[in-house]
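Start from the sequences and build out the full structure, keeping to the hints where you can.
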Amino acid sequence: MLIPKMKKNQNQKGEEQNRILITVNVVGSAGPIRFIVNKDDAVTDVVATALKIYAHQGRLPVLGSDSKDFLLFCAAAGSDFLDSSERIGSCEARNFLLCKNPQPQLKTTVAEDVKKDKKVAGKAFKTWINKSLRVGVSAH
Numbered sequence: 001m002l003i004p005k006m007k008k009n010q011n012q013k014g015e016e017q018n019r020i021l022i023t024v025n026v027v028g029s030a031g032p033i034r035f036i037v038n039k040d041d042a043v044t045d046v047v048a049t050a051l052k053i054y055a056h057q058g059r060l061p062v063l064g065s066d067s068k069d070f071l072l073f074c075a076a077a078g079s080d081f082l083d084s085s086e087r088i089g090s091c092e093a094r095n096f097l098l099c100k101n102p103q104p105q106l107k108t109t110v111a112e113d114v115k116k117d118k119k120v121a122g123k124a125f126k127t128w129i130n131k132s133l134r135v136g137v138s139a140h
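The numbers in the UniProt record's numbering rise by one with no breaks, and the one at position 99 of the sequence shown is 99.
Everything labelled a hint here was simulated from the structure, so no lab data went into it.
All residues carry an ideal CB built from backbone N, CA and C; glycine is no exception.
Since no wrong hints were added, every one of them can be taken at face value.
Restraint-style ranges between C-beta atoms, simulated for each label pair:
| id | residue 1 | residue 2 | range |
| --- | --- | --- | --- |
| 1 | Lys68 | Gln17 | 29 to 35 Å |
| 2 | Asn101 | Phe35 | 19 to 25 Å |
| 3 | Cys99 | Ile36 | 20 to 26 Å |
| 4 | Thr127 | Ser84 | 49 to 55 Å |
| 5 | Cys99 | Ile20 | 17 to 23 Å |
| 6 | Lys126 | Ala55 | 48 to 54 Å |
| 7 | Arg134 | Val62 | 50 to 56 Å |
| 8 | Asn38 | Lys100 | 24 to 30 Å |
In structure tokens form, the structure reads like this:
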């Protein structure tokens, strides 16, 4: 009895259904990145892959390679970013937005910065005046 050969596509049918083509738009970049991922891949793996492809293509602006510095948003779900341990197939979308994680800002305000600059400028001016007056006064 002969067993018919199965084509490669038929043999791995379950695996193919597990893979999806996604589009990642990077904030500040000219166009999207498209690549294939497994639905079971973690968001951190997808971000790392997107950053590698982005760097390999020589796109600008240069983003870096640390996937922890970026957030991945699902374009269809709204404004919530995807958790880093979440599976990419859980949101049932194929379009994503990649942007840098906002860095925590210092608690100084603009007014405090201006005060500090005035103090430094005032001390420098006083020092200059004192030095210039000492030169003019001679000891007898």
